[in-house]
Amino acid sequence: MSNMLVDKPETTIDESLYSRQLYVLGHEAMTKMSSANVLLVGLKGLGVEIAKNVVLAGVKSVTLYDPEPVEISDLSAQFFLTTEDIGKSRADACVHRLAELNQYVPVKVLDGDLTTDKLSQFKVVVLTEVPLERQLEINDFTHKNDICCIVGDIRGLFGMAFCDFGEGFIVNDATGENAHTSMIAAISKDAEAVVTCLDESRHGLEDGDYVTFTEIKGMEELNGCEAQKVKVLGPYTFSIGDTSGFSDYIGGGVFTQVKMPKILNFKSLRESIQQSEFLITDFAKFDRPGQLHVAFQALDAFKCKHSRLPKPRDENDASEVLQIAKDINNKASEKVELSEGFIKEVSYQAMGYLSPMSAFLGGVIAQEVLKACSGKFHPIYQYLYFDSLESLPTSTTLSAEDCQPIGSRYDGQIAVFGRQFQEKIANARQFLVGAGAIGCEMLKNWAMMGLATGPKGAIHLTDMDTIEKSNLNRQFLFRSTDVGQLKSETATRAILKMNPDVTGKILSHQDRIGVETENIYNDGFFEDLDGVTNALDNVETRKYMDRRCVLFRKPLLESGTLGTKGNTQVVIPFLTESYSSSQDPPEKSIPICTLKNFPNAIEHTIQWARDLFEGLFKQQPENGNLYLTQPNYIEQLLKQGGNQKEVLEGIQSCLVKGKPSTFQDCVTWARLQFEEHYHNNIMQLLFNFPKDSVTSTGTPFWSGPKRAPNVIDFDAENKLHMDFIVAAANLRAFIFGLPSETDRQAIHKMVSNVMVPEFTPRQGVKIQVNENENVGQNTDEAELEQIVQSLPDIKTVGNLKLNPVDFEKDDDSNFHIDFITATSNLRATNYNINLADRHNTKFIAGKIIPAIATTTALITGLVCLELYKIIDGKEKLEDYKNGFINLALPFFGFSEPIAAPKFKYHENEFTLWDRFDIKGDITLQEFLDHFKREHDLEVTMVSSGVSMLYSFFMPKKKLEERKNMKFSKLVETVSRKEIPSHVRALIVEVCVNDRDGEDVEVPYVRIAIKE
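Note that full-length UniProt numbering has the sequence shown beginning at 1, numbered continuously upward.
The hints are simulated quantities; they were obtained by calculation from the structure and are not laboratory data. Please read these numbers as outputs of a predicted model, since none were measured by experiment. We treat Cβ as the ideally placed atom computed from N, Cα and C, and that holds for glycine. Wrong hints could be hidden among the right ones.
Stated by the list, open to error - Mimicking DSBU-like on lysine-lysine, the simulated pairs with C-alpha atoms at most 35 Å apart in a straight line are:
#, residue 1, residue 2
1, Lys766, Lys588
2, Lys303, Lys32
3, Lys847, Lys565
4, Lys144, Lys303
5, Lys902, Lys874
6, Lys809, Lys565
7, Lys231, Lys217
8, Lys123, Lys543
9, Lys639, Lys659
10, Lys32, Lys469
11, Lys259, Lys809
12, Lys456, Lys876
13, Lys229, Lys618
14, Lys977, Lys543
15, Lys123, Lys60
16, Lys231, Lys60
17, Lys919, Lys957
18, Lys543, Lys904
19, Lys262, Lys305
20, Lys231, Lys706
21, Lys809, Lys719
22, Lys60, Lys262
23, Lys691, Lys706
24, Lys618, Lys596
25, Lys659, Lys766
26, Lys618, Lys645
27, Lys303, Lys335
Said to hold, decoys possible - Simulated restraints on C-beta separations:
#, residue 1, residue 2, range
28, Asp999, Asp199, 21 to 31 Å
29, Glu192, Pro131, 53 to 63 Å
30, Asn908, Gly642, 43 to 53 Å
31, Glu785, Asp713, 48 to 58 Å
Using the sequences plus the hints, can you model the full thing?
Structure, rendered in structure tokens:
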């Protein structure tokens, strides 16, 4: 395998802005996008959502076309329009606000008529709010002229998208998943050769995939040959072509999956409208896409005839739409079975326009635009229909009168849900946790919905983070001038501009969510809420909020994204399991022996480099500061276990041997570090285990996952070698407060002055060979004492303070990622592993979560469709949906939430939502008596947190003392902490025996010690 680092193509892509998106799309796709001009026709809610996402993504230019005047009802979903824009053309009214989203994407308005000459300037044309006849005319032209065309429309809780990318459209990467690669254990010499992978390495391939081979010994004909088609035989085996004429396989080898291009031939809109291929979004509604295909055509025909859409809940209009639908269906070459009630419902909602539907479909269509520009990911082929009919309220009566427009910015929503339900939305009280990407999108949707705009309504928002440049690519409420500002406050200001009705209704906080802020987000706070929506990026805080929601019995809306993938989860009191009821399996850790001595993948060398960074630049100076500030530090250290020698040697390096006074000293230290890690340690390893070593069973030691390394001799003319010196020396200088140096020629001269001692491998040096082996440093006390004696007297060092380095991945000037990239790639060179560029090293070392605006918008739309149901108070499990999407495939899956598991004691069933409620600050004895009397349960143990309050085996004297204590006093006595003044209730766990004396599980207990 070559270890040459292939530089990425030169582009003008701003990696600090697009960093999270680059990890989804890649440089090649983004380079293609940056040369694509996009035309967007129609600037109502759906159009502006598509435009927003495409502008953020970074295409070459976006041109808007919508000469229609702004109406008050447009404000139901068009977040870049205001009441002052009414009467202006929609395109003119929002062009400047869209242009503010991304300085690299010019946004302009197309004037005059939409002629074919103007259409020919664009790579992609997106049509919304366009009559079907005009769609057909435009698509006839685009189909013939190699222009990708996308159509989208929304009617209430119904939406559609259509894609035509022409004939011979090439999809370069249909899934976006990383290419699979693995080490090989064996290859048979056969007409259909069987490839076997190492035991710990599932190949992850599917039938029809292609692979190439490298590093094979003995069957070298396979190395570098053309890609082989795979047939999967099992999780560790697959077959390829004929190897019977090849030489015998000896050992080694690595396979790498090759992404093969896929060619798609799209039909034009005129052709496909008769022979449609639907992408099913919800398998429970498999009969609806065909009906919606007819219904949308019927609505278009109705509008052409009457110059308007059907009125809300108007029976006459609905009957006419139904008849038109029947006529269209009867003439179609492929007929569908129409449901009269369903077609009428589409008519009832036709004038409706909902922000969550715009967010969902706008995310989908914007991603299709990016696919058309780049060839990255599989397009919709060719129709997608979606509905969320179950979001219709049942708590209010939907009548024609209740759904008529009233000249309000919420008329688009009132047309679907009615005025009564709009009042419920306006008086909702929600807590939004997080103002990042999902939080920004959520606030936008809530503002358009009119959430919390009523007299009782309120939105609490908290986020302690400040805005960074990398946020701007997907957190669309923020601008470059906001960098450094608090997210919660900035987002609130932005939302007030979108809908002044929420003025005074958003209460922004900057508090970390957790036990330490329960005095702020206390019992009264939660009891006053209608629900909680998480917009978080870490699991622990999600679990904490989940526990709070279970405790206070509040609905929780949970969601998350990972590149093109996203999920939503609804947690409903007494119906569903909680967020914490299930969890993903833990990440597989890299064995220590692999990291230390036997890496075989770039992920191993990057983790090793990350660990070295922490040890050299954070842990060593932190330990040095402890030595300088704590007189008894050494005494305490020597009493502890662990690797005391390593800690003491680190302090010695900082304060004695390696303490620098000039940058030259830092360069000297860096050069010696290079020699130690890439020359001396490798030489020692090969001394212990020469390349021809065999194990006790006679098999080569350097086989399977163990790669035999090679020593690196330092070369100042080698850029990678100097990258390490420059980064390491500057980080060392930072620790000691010395000026940095970036002149590579000057550093080159300094490094030539360094004298490097000759190294000779030693006998008796132990090396960890497997994960179960424990190789410690057998350091005697005399050796430790010698190091301690070399350390300086604290009194003689003055006010010396070291500066530990806190890893920060997004600052390109701090040498952090530069050091890790050079360090990792040098170790990869040692072990003949393919190198990783700075971009990919940053991704792995920084554990960056890839993110794009399209997935975020889509997921947030789905969450808000569930919020409608929560506000409605729906009480059936089947009313709610959890969502699972992958825009790359594209895949849309929905399922009912998992019901809360049921448990039982005596004849009583309970779930995690149930508890025993006790009012009053009763004594322990009263507590025990209560359970015996009311529940026929004998309490054997009572605990509060980590404090054991009562157990049947306690000493009698202690039991008697505690039984007469009030619970508040008991908790304070045992925990030795005062109960905070904001706490109204105590939560305790009990162990009990049932009436048969058997230990049974029961709910927890909530004791209300205050009113």
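**Prompt:** Out of the numbered hints, which ones does the structure contradict?
**Reply:** 2, 8, 13, 16, 19, 28 and 31
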